[in-house]
Amino acid sequence: MPAVQETIDQVRQIDVDQYKYGFETTIEMEKAPKGLSEEIIRFISAKKNEPDWMLEWRLEAYRRWLTLEEPTWARVDYPKIDFNDLYYYAAPKNQSGPKSIDEVDPELLKMYEKLGIPLREQEILAGVQTSKIAVDAVFDSVSVVTTFKEELKKAGVIFMSISEAIREHPELVKKYLGTVVPTTDNYYATLNSAVFTDGSFVFVPKGVRCPMELSTYFRINEKNTGQFERTLIIAEDGAYVSYLEGCTAPQRDENQLHAAVVELVALDEAEIKYSTVQNWYPGDKEGKGGIYNFVTKRGDCRGKNSKISWTQVETGSAITWKYPSCILRGDGSRGEFYSIAVSNGYQQIDSGTKMIHLGKNTSSRIVSKGISAGFSNNTYRGQVSAHRKAENARNFTQCDSLLIGDKCGAHTVPYIEAKNATAHFEHEATTSKISEDQLFYCLQRGIPTEAAIALIVNGFVKEVIQELPMEFAVEAQKLIGISLEGSVG
Amino acid sequence: MNMQTGMKLSVAETALCEAYDHAIGELPGDGSVLAARDTLISDFKEAGLPTRRVEAWHYTDLKALLRAVPAFDPAASAAKTSPLVEGSTVLSVVNGLADARATVEGVTVRTFKDALADGTAAEGLAARDGDDAIGRINGSFVRDGFVLDVAAGTELEAPLEIQTVQNAGQTHTRFPVAFGAGAKGTIIERHTAVGETAAFVTSISDIALGDGADITWVILQTQGAADTHLGQIRITLGADAQLRLYVINAGGKLVRQEIHVVVAGEGTDLKLRGINLLGGETHNDVTFTVGHDVPNTTSTEVIRNVIFDRARGVFQGQIRVAPDAQKTDAKMSCNTLLLSDEADFSAKPELEIFADDVQCGHGATVIDIDHVQLFYLMARGIPENKARAMLVNAFVAEIVEELEDEPLVEALEGVIAAWLEKHA
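Sequence lines, in order, name chains E and A. Here the first sequence stands for residues 1 to 489, where the numbers follow the working numbering. Here the second sequence stands for residues 490 to 913, where the numbers follow the working numbering.
Do not rely on the hints blindly, as some may be mistaken.
Just so you have them, the derived chain E footprint on chain A, three or more residues with Cβ under 8 Å [to be verified]:
#1 569-575
#2 721-735
#3 833-841
#4 877-886
Simulated restraints on C-beta separations [unchecked claim]:
#5 A:A564 - E:W73: 43 to 51 Å
#6 A:K569 - E:E70: 54 to 62 Å
#7 E:S37 - A:G514: 42 to 50 Å
#8 E:K285 - A:A553: 42 to 50 Å
These are calculated hints, taken from the structure and not from any lab test. Every residue gets a Cβ at the ideal spot worked out from N, C-alpha and C, and that includes glycine.
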């Protein structure tokens, strides 16, 4: 059965030429000279008033990076990147750390308003329905504002840009930075370690349940810049935090590089929930322009019974190369990965997850839904492994693909590795259109065709959508153009 | 001869290169055959044995695993063995030499040695692609085998058994088999060994099914505990052809079975069933690719692995659906019983889909014996080891039973039972 009209329309709504966030903000910027060298790294480090150990850390990563080769194993195809033709640092001028929102450049505020991101705390309070969200807004290379800082401080939660954290909480940064994704990890992570300019830092102390959702909005604005942000989230014993990130960029003809690193550390009984709505500029109809999204995200369930959950809705970027992973080190720890990846136009997605079971009685769950349309290619690549001592490791994986049109491709490449007899792995993958059996079942129960189709399509992605925090779920649904209200009933 | 500069030669690589220099004078074929062999060995010298870095060999690092290659051993003796199913016609290759005396109505039999000698084999010697280590090694050294031509409409009354019996040394065989339109029958390809000394066997079957052919092909590999077996089955399916392909591994120390299927005609149906019984120190890799290149075809693959001791099991399966191959229905499942904490199993079931109106899926599970089932049997007075053996047997036997050919089912069940008796 061919893909139904409704699905086609819904995907069409987010087709590449419908990109809504492609505008550019004119704002005076301060940039480092183009190119990459030790001088540039020293420049970035000096700009951020970093301590010496941080500079050394960066330089070591840079020297390491010079010896590495770009990975080529992913199913993505792009012209060679000239790493010396990029700006590694771009910051809005007059930005010497605003004390309050009123000191932030009005142009910037206007831009965030356009993106629909509330930076003014009172605006959030005015919305009766929504709960509070603390926002850290990263514009090109720097964090421009972080909201609700005071309130979070009362609860003992540290939420600030990583640059601030390096200055204000060096002991914490030193203790955890690079312990999940070492500087030697992979080509892009090593590059990031050398040149990262900003990102968010979250520390939730022992026993604290973070009182609100934390959120970061990343915006690439400047031409020819690469964005390299670094996020570090630590949840101490028994702590809980839910963190969201959103990403957009202007419409440009040239490709831009985004190579981020995200590290999560969950100690005993801690839980971290990390959600992403990735909507970087995907390029135009002909596949020109768009963001190269080469990201390393990894969570370390270091403590016993800890839990890390990744949820991602991926609709943007010309090329996506990311595998949010969980290292299940603590006994009884749990990892989850929920993903919806929609590719259109000439987008290329090679994404998935890794669940590395090291501790006893660890469990993981993977639910991945890919929708490919246009001329795009959408690959799920995942690894599940249980080591010798990972007694009673459990995994359930489900990855489903839906194809719309005959010029696109959907691929599944799972790696399943069991090294002890008590491991229990189940993996399922399907590629199809909407099943006629399901449709027939609905029709037979008196549900009209249109409603039945909507029901099934929503069912296809629902498992993932429902994992998102409320506020983001709404956004994600808009993004995918699938309205749950219209379909049920 | 010099290898690529900078690459360190493993013992096995050196042995193969030297063996070629020694053997080339007496290997059958000249002209185009010799040219093809030279290309293959020089490509092999360039690339060496594949390592984990070669994606097609991700879980079988042949360079590390193939420690040594025994030299040709003309002194070792072996004899053909009685067929798996009574009444079968037997075509045997004993220590590398084919005996083509058997005759079957409707089937033209030639030795591959003759095809090499007259140059007709040259074309088929080329490797499949740049990662085809088995194709390179086999093509360089192949000495004998059978070329079978099954005439259109032929219905084989009894199974035709192609057997290789090896005692030490090395052997490289090839079996190009063409089934004419509407041909029907059962072929058993059996690789066995005698003696305890390590043997090195490579074998390639090149199978073409004409339109409407209906064939059951069973590969049974029961070589010795020290042996290496590198097998490859290349298959092309014509329109409306039906193939039931059984691949059963119950022997060998280092085993790789590659199955590559090209679905070239509409209306075809492929059923692949695999049983891998692994114990001791065996490393067993089954790698399967199927390309659905035309619309309206179906394939199902069911692989069952039972792994004891320190054995390592690997399954790589790839379903490809070409852009115009609408209405493809392909399903693959791989189930593994991992019965030892020192054993391991790795799987990579891939889908590569370019058509939108298809149904494709794969499933993979890795589990231990179900303790509830075990308890059920033990509560009825069946001792634990026996209960376990029953459950393991049931896990693989249901695949065999799908073959609705009683003597064949019984023979295969016998092989499985004998193996389990020894290992469980």
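Hint-by-hint comparison with the structure:
| no. | hint | in the structure |
| --- | --- | --- |
| 1 | 569-575 | violated (count 0) |
| 2 | 721-735 | violated (count 0) |
| 3 | 833-841 | holds (count 9) |
| 4 | 877-886 | violated (count 0) |
| 5 | A:A564 - E:W73: 43 to 51 Å | holds, 47 Å |
| 6 | A:K569 - E:E70: 54 to 62 Å | holds, 55 Å |
| 7 | E:S37 - A:G514: 42 to 50 Å | violated, 60 Å |
| 8 | E:K285 - A:A553: 42 to 50 Å | holds, 48 Å |
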